[in-house]
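Start from the sequences and build out the full structure, keeping to the hints where you can.
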Amino acid sequence: MKIKFKNALLALPLSASLLMVSCGGDPHEGDDMTHTDTTKVDSAAVETGIETGELSFQVPSPGEMLTFVRMVGGKGNKNTSFLNPADNNKNYNDSKSKALNFGIYSCDLSYCSTFEIGVEAFKYFKVVKQLGDEIGVSTSIDASMAKRLEQNVGNADSLAAISDDLYYDSFEALQNGKQGNVLALVIAGGYIESLYIVTNLVKYEANSPGIQRVADQKYTLENIIDFLKKYQSDASVASVLTELNGLKAEFDKLKETSAGDTKGKDGVKVLGGGTTIEITAAQYKTISEKIKTIRNSFTQSK
Amino acid sequence: MKKILTILAVTIASVLSTDLAAQTSVCGQFHRKNCAMESDKDDDREFLYNAQSKSGLFAQGSTSKMRCVIYKGMDYRMTVCCETAGSQINFKIFDAKTNEELYDNAKDENSTQFEFQSASTRQLIIELTVPTGEAASKKGKPTDAACVGLLIEHKVSDKTGFSKY
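Chains as they are written, first to last, in the numbering used here: chain Z, 456 to 757; chain L, 24 to 188.
Since the hints were derived computationally from the structure, they do not count as laboratory data. Worth double-checking, as some hints may not be accurate.
Said to hold, decoys possible - Quick partial rundown of chain L residues pointing at chain Z, CB under 8 Å, derived from the structure:
hint: 1; residue: GLU124
hint: 2; residue: PHE139
hint: 3; residue: GLN146
Just so you know, even glycine gets a beta-carbon here, dropped at the ideal spot from N, CA and C.
Set out below in structure tokens:
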């Protein structure tokens with residue numbers, strides 16, 4: 456994969472609301488089918504530190520999963536008992552815990568927005584702002600975003616979208632600031648928190664949409680791990696990567712079967728093929744406990 | 024509830040002094056401003072913005088790939104746009120595991136929008152080939168580069184499909 460330097464410069468990833476990173480995954484690592492030859496180390500990126508954009512990958516926002524859970528599980532949920540208490544903010548004094556918990560609190564803010572828990576949303580916004588300042592992200596909300604929020608009071612979908620914007624605009628600020636290692640920790644924190652919340656809300660029921668959505672996280676986790684690998688020379692990232700690989704090992708035990716044909720409704724095209732991931736009650740319990748362990752290691756760090 | 028959220032909104036406006044313009048890059052939210060089609064505005068289905076959307080500044084004539092995750096049980100609408108005038112963006116979708124080509128807009132009258140469901144949750148490779156052509160000159164952006172946007176939207180599939188999830 457040779458890339459002219461000029462092109463490498465021109466291909467700087469510039470998304471304002473996404474995670475866009477060159478993939479540093481090893482195509483020969485393990486037997487994971489996703490590590491095909493489409494996942495190559497971008498030599499230009501490695502040598503120059505420049506994101507070439509030739510191969511990038513995206514990660515669905517934690518808010519997307521929370522919105523899905525609200526759709527399938529009902530809007531009435533107001534449980535905040537499992538969120539990371541805003542007061543814990545005072546315990547985070549090192550750069551690693553600040554970055555991880557910036558991601559966690561951003562996800563908690565998204566949760567409160569999604570489920571219209573206004574009082575808590577206010578609390579979490581304040582800690583997100585504070586931690587954002589401390590890790591070098593002046594949280595990316597401008598006047599127009601505040602206006603959008605004001606205009607959409609009472610509209611959970613819009614509030615959730617605005618929370619997403621905050622989350623990903625922060626990502627962009629970290630990318631632009633060449634703080635890839637911090638970004639990696641933020642992503643890991645936010646992602647694990649979203650899994651933790653969902654596994655607290657969704658009780659096991661075979662073939663339920665919520666349970667299937669958790670099983671499907673295998674793919675998103677793979678993207679996140681690939682991203683963290685790029686910064687594994689950083690000791691904090693390396694330690695988190697070890698924990699995420701432990702979780703991946705559990706997801707890798709899930710059985711995959713060929714997906715059956717599905718007919719689209721109203722003429723919508725269906726992309727056929729692929730596999731369906733199956734998860735048993737015991738596997739769900741194991742994965743949930745693993746998620747809890749990792750998440751608590753993030754929130755209890757000082 | 025409304026009062027609290029209103030206070031939140033006002034607080035946000037007052038406590039933040041972030042110069043977002045200084046943080047955003049040349050193409051910024053290009054996809055949000057330029058990819059939505061006129062026909063979408065009359066579409067009463069509630070597609071939601073998907074955070075895997077992106078904008079990027081790329082050398083004209085170059086090809087770029089991104090990997091994303093889509094879920095079974097959801098409808099997706101992908102729309103591409105580019106600032107170069109009078110050119111077609113080539114837009115392909117591959118299965119990330121098998122490299123099987125699932126869609127090519129060259130075989131779909133060069134459509135810039137594709138709406139679909141997937142039989143399974145999967146990783147997709149989206150490949151965009153950026154056309155050559157005159158691009159707007161802008162501070163910090165070479166004239167031989169072009170902003171390209173990919174807008175991804177999603178919604179839960181209608182009940183009949185969802186029940187088979």
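Hint by hint, here is what the structure shows:
1. Hint on GLU124(L) is violated. Least Cβ distance to chain Z is approximately 11 Å, over the 8 Å limit.
2. Interface restraint check: PHE139(L) against chain Z, minimum CB-CB distance 5 Å, threshold 8 Å, status holds.
3. The restraint placing GLN146(L) at the interface with chain Z holds, with a minimum CB-CB distance near 5 Å, inside the 8 Å limit.
In this structure, the one hint that does not hold is number 1.
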